[in-house]
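Peer 1: Order-wise, the sequence lines are chains X and L.
Start counting the first sequence at 1; every next residue gets the next number (my numbering).
Start counting the second sequence at 1; every next residue gets the next number (my numbering).
Hints are computed from structural coordinates only; laboratory data are not their basis.
The reader is advised that the hints may include incorrect statements.
Covered by chain X, per the in silico footprint, the following chain L stretches (three or more residues, Cβ under 8 Å) [to be verified]: (1) 14 to 27; (2) 91 to 101; (3) 108 to 115.
Computed list of chain L residues with no C-beta within reach of chain X, every gap over 10 Å [said to hold, decoys possible]: (4) Ser47; (5) Met62; (6) Asp74; (7) Ser130.
Computed from a predicted model, the values in this text were never measured in an experiment.
For each residue, glycine too, the CB sits at the ideal point set by N, CA and C.
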Amino acid sequence: MDEKLSEDYVKTARSIISEVESGNIDEADRLIEELARNRDQSLFQELGKLTREFHDALNGFKLDAKLTELTGTDIPDARERLLHVIDMTDKAAHKTMTVVEDLMPLCDTLGNQSGDIHQRWQRFMKREMEPQESRALCDEVSVYLAEQNGGTERVRSGLNEILMAQDYQDITGQIISRVITLVTDLETSLVKLIRDSGAILEETGRAEEAAGELAGPQVPGLESTDAVSGQDEVDDLLSSLGF
Amino acid sequence: MNKDMKILIVDDFSTMRRIIKNLLRDLGFSNTQEADDGQTALPMLQSGNFDFLVTDWNMPGMTGIDLLKTVRADEKLATLPVLLVTAEQKREQIVEAAQAGVNGYIVKPFTAEVLKEKIGKIFERVDAAS
Chain X
1 MDEKLSEDYV
11 KTARSIISEV
21 ESGNIDEADR
31 LIEELARNRD
41 QSLFQELGKL
51 TREFHDALNG
61 FKLDAKLTEL
71 TGTDIPDARE
81 RLLHVIDMTD
91 KAAHKTMTVV
101 EDLMPLCDTL
111 GNQSGDIHQR
121 WQRFMKREME
131 PQESRALCDE
141 VSVYLAEQNG
151 GTERVRSGLN
161 EILMAQDYQD
171 ITGQIISRVI
181 TLVTDLETSL
191 VKLIRDSGAI
201 LEETGRAEEA
211 AGELAGPQVP
221 GLESTDAVSG
231 QDEVDDLLSS
241 LGF
Chain L
1 MNKDMKILIV
11 DDFSTMRRII
21 KNLLRDLGFS
31 NTQEADDGQT
41 ALPMLQSGNF
51 DFLVTDWNMP
61 GMTGIDLLKT
71 VRADEKLATL
81 PVLLVTAEQK
91 REQIVEAAQA
101 GVNGYIVKPF
111 TAEVLKEKIG
121 KIFERVDAAS
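In isolation and in its complexed conformation, chain X is listed as follows (with noise of 0.2 Å):
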């Protein structure tokens, strides 16, 4: 209530009383209906008040279109993409699996016969062999250069493979660089309506991590200060504790 109103009230209530006193009750009838009909403006002033910033608020949701598509469009938008991020990067560290796992099982084999063929090849040059053994060596490394030739090829094109595996990393780093934009878009639009719609807006800093809610793996510049550095930390920790 404003100071004018309340000085006009404190008037109007004192002339009340003075005409009541005097015997003057139309006068006083009068004048209560008066104070009456202040208030009510007074009221009415308020309401209209209220109802344009209600309109002006509204208004300002419609204007506010930016949000609107961020939300509508961009927002699930992002979902699929950074979906479709863990399903590149989920095939990619497969297809490299794949290549290593058929790999192992072949350099084991070459090694282990070049093993075998190198020691009794160390007998041979040392003239500890038998004519029949030498002849079956030799044809033992013909057999196995040749499937050397075959496996080093083999080799070559599984590493060729997985070297293209590696091409997730373009299309992954494009993706996340559109999200981080889009996110950085969203904040700008969320700060600028909570500063329209009046509410105000507090410096709060970082939220509190909720208890019991799991930290995740540590990011570089925003490594928690609760967190250990890596296993030898983990272990200095474990061997404190009695381990």
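Please build the complex by placing chain L on the supplied structure of chain X, with the hints as guidance.
Peer 2: Then chain L, alone, in the frame of chain X:
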């Protein structure tokens, strides 16, 4: 340490399960099975005669720490050696795991060497105790 021991690998990411499976095989342990969270792992453990459990912490369904606590509380499984392999590296979590009775704790990303060393240590103790 028995190279034929039966190992259960629990992680919600199939790539991580595959990496651990390959590393274990490289160390000579080929008798491995996989589960994608604690809920799937538990019935396997209860009926499968496993000798060693390697588990992630953060998984949907049942987390690794809950799986560990359930294992320790289960009469038949209580002494099963458990290795946590996780990206969680807050001190309070490491302490929680230690208190829950974990046998080893590896933070991701990790190397084959670390995995080998921790498994070696765990079974050194297990073998010494038996």
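Peer 1: Each of the hints needs a verdict: does it hold here or not?
Peer 2: Hints versus structure:
For the region 14 to 27 of chain L, the proposed coverage by chain X is satisfied: 5 residues have a C-beta within less than 8 Å of a C-beta in that chain, meeting the threshold of three. Only when three residues or more bring their CB closer than 8 Å to a CB of chain X does the claim for the region 91 to 101 of chain L stand; here the count is 6, and the claim holds. Counting residues of the region 108 to 115 of chain L whose beta carbon lies closer than 8 Å to any beta carbon of chain X gives 3, which reaches the threshold of three, so the coverage claim holds. For Ser47(L), the shortest C-beta to C-beta distance to chain X comes to about 28 Å, beyond the 10 Å cut-off, and the non-interface label holds.
Its beta-carbon lying about 13 Å from the closest one in chain X, Met62(L) satisfies the requirement of being farther than 10 Å from that chain. For Asp74(L), the condition that its CB be more than 10 Å from all CB atoms of chain X holds, with the nearest at approximately 22 Å. No Cβ of chain X comes within 10 Å of the Cβ of Ser130(L); the nearest lies about 19 Å off, and the non-interface call holds.
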